[in-house]
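Visitor: Protein chains in written order, with our numbering: chain A, 1174 to 1451; chain B, 1174 to 1451.
Any given hint could be a false lead.
Rough simulated footprint, nothing fancy, chain A against chain B, three-plus residues with beta-carbon under 8 Å [as the list claims (entries may be wrong)]:
{"id": "1", "segment": "1322-1334"}
{"id": "2", "segment": "1438-1446"}
Taking CB as the label site, the calculated pair distances span [stated by the list, open to error]:
{"id": "3", "chain 1": "A", "residue 1": "Glu1204", "chain 2": "B", "residue 2": "Arg1207", "range": "36 to 44 Å"}
{"id": "4", "chain 1": "B", "residue 1": "Ser1425", "chain 2": "A", "residue 2": "Arg1295", "range": "15 to 23 Å"}
{"id": "5", "chain 1": "B", "residue 1": "Ala1372", "chain 2": "A", "residue 2": "Arg1371", "range": "54 to 62 Å"}
{"id": "6", "chain 1": "B", "residue 1": "Arg1221", "chain 2": "A", "residue 2": "Gln1287", "range": "40 to 48 Å"}
{"id": "7", "chain 1": "A", "residue 1": "Asn1384", "chain 2": "B", "residue 2": "Asn1395", "range": "28 to 36 Å"}
{"id": "8", "chain 1": "A", "residue 1": "Asp1249", "chain 2": "B", "residue 2": "Gln1192", "range": "25 to 33 Å"}
{"id": "9", "chain 1": "B", "residue 1": "Glu1230", "chain 2": "A", "residue 2": "Asn1384", "range": "33 to 41 Å"}
{"id": "10", "chain 1": "A", "residue 1": "Thr1234", "chain 2": "B", "residue 2": "Ser1190", "range": "51 to 59 Å"}
{"id": "11", "chain 1": "A", "residue 1": "Glu1204", "chain 2": "B", "residue 2": "Ala1372", "range": "51 to 59 Å"}
{"id": "12", "chain 1": "B", "residue 1": "Ser1241", "chain 2": "A", "residue 2": "Phe1289", "range": "45 to 53 Å"}
Because the hints were derived from the structure by calculation, they are not lab data. Note that this is a predicted model, so its numbers are computed, not measured. Beta carbons: idealized from backbone N, C-alpha and C, even for Gly.
Number of protein chains: 2
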Amino acid sequence: MYAKPFFTVVLSEIILSLQNSRVKELVKLRESPRRRRELGLFPIEGLREIEVGIDAERNFTEVYFCPSFFRKRGEDILLHRFNETEAELFELGKDAFAKSSYRENPDGVIALAQTFDLQPSRLSLGASPLVLVLDEVEKPGNLGAVLRSAEAFGVNAVLLSDAAVDFFNPNVIRSSQGLSLRMPVAVGSKTESLDFLRAHNLRICGSGSKNAVPFWEGDFTNGVALLLGSEREGLGPFWIENQDESLVIPMSGSAGSQNLSVSAACFLSEAARQRFSQ
Amino acid sequence: MYAKPFFTVVLSEIILSLQNSRVKELVKLRESPRRRRELGLFPIEGLREIEVGIDAERNFTEVYFCPSFFRKRGEDILLHRFNETEAELFELGKDAFAKSSYRENPDGVIALAQTFDLQPSRLSLGASPLVLVLDEVEKPGNLGAVLRSAEAFGVNAVLLSDAAVDFFNPNVIRSSQGLSLRMPVAVGSKTESLDFLRAHNLRICGSGSKNAVPFWEGDFTNGVALLLGSEREGLGPFWIENQDESLVIPMSGSAGSQNLSVSAACFLSEAARQRFSQ
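Model the full assembly from the supplied sequences, consistent with the hints where possible.
Guide: Here is the structure:
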């Protein structure tokens, strides 16, 4: 295979104009879920996140870089990794990069990758899997934080039921530290999600408050789906009707509901405890 | 006691100038931990947060409001609650308020309150208390999130050892949803914190990785101090040497360390489980 000589890109023209069509497209793809769907592309920003994406064999189409933002953290090595891919490299001027960037303190690299399949059928579950289901999740930062916990606690798959956030939202990538690019995640309607869980004979344990028992009384040792509702509303009637068990995180004081990632941590750490202790 | 007639303030002069000395002072108190220490005052912004502060009997000196930001959520009732206090009320013009505010979408009320005692001696512990110790905590948002979990899980006291964040930082108040104003929290050096824990015969269970057992093997049923290190560094030699037990949150995959509030949620929910199950 012909390896692209790296420095040709450096010598080629630098994109300086804020009106350049590529810069405008980067902004659109960052801001608009619809544009991402139309083009089947999404931006991944940041050295660390892009590395996770490369390791996860995401298909990159374009890479934008701006050496003014480099901080000698291996940017060259990262860009070299694209030599053997189909991705085209473009150098941006400082202002053009700042406009394209999602971050306050960019680190000088943004890559465009092809969106990927998120059908539940992409998930392959082994024996006694631990599945996390998030219903109507809406805050990308919360989703990212929960994905971090899910990976740490060995969750086998994450299912987003009627997600109110676009999975390719830049803040999902950022707040998950790039894990969204490699984790087994799927997206579906409530019915599709339920069908998937039933097809895999998973016990559905939802977080609720009516007729609920403390979460540590749930049995998480066999194949199980831990189900958390939206931050604002909790679980609606569909899941309340279709769950096998309703669990609650007992709270004292006048504390309101907990942050989604705190609730997830409680459920997942208890599942880890039960599974390790077996 | 003489009740101040509420409407005198409304009829008095509205502060419009961004150069007004009170506006400048509000900005200083918001930005500078040093200024807060010098004056012994700190700003509390937001209806909900101020209400928690009133209920916790904080001493308010001044209240600033701007009806342009009101959203009919009981602002008048809140301002009336100050009638029987020593606090002076001031109306600000929209720009002056926006300059004084910490928020992107202010709700029109900022109060100044006196800083309060944070010595460990302020904490009174009952039998078999559950104490949470945070060492070198540095991010106000993390501290606020942990305080929310701590209250929810019935923690009896929170001790900040060598805190790298000012407890009166506006973002601690905001991210704790005002709980920092009413919770039993104390601040001290590492040695003061250790002395306090030893004086109360608390078993110190720290989060670590060397020679550590899974956190669910810790015994949290008697008086115990759960100790978490800084987000970046974890626990340093002082606490590693002085802890009674080292616990770890087992993690799979290549996940790095967890967010502080996720670690706290794991420890605290396990403590709740053990204590409820007794």
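Visitor: Go through the numbered hints given earlier and state which of them the structure violates, listing their numbers in rising order.
Guide: 8
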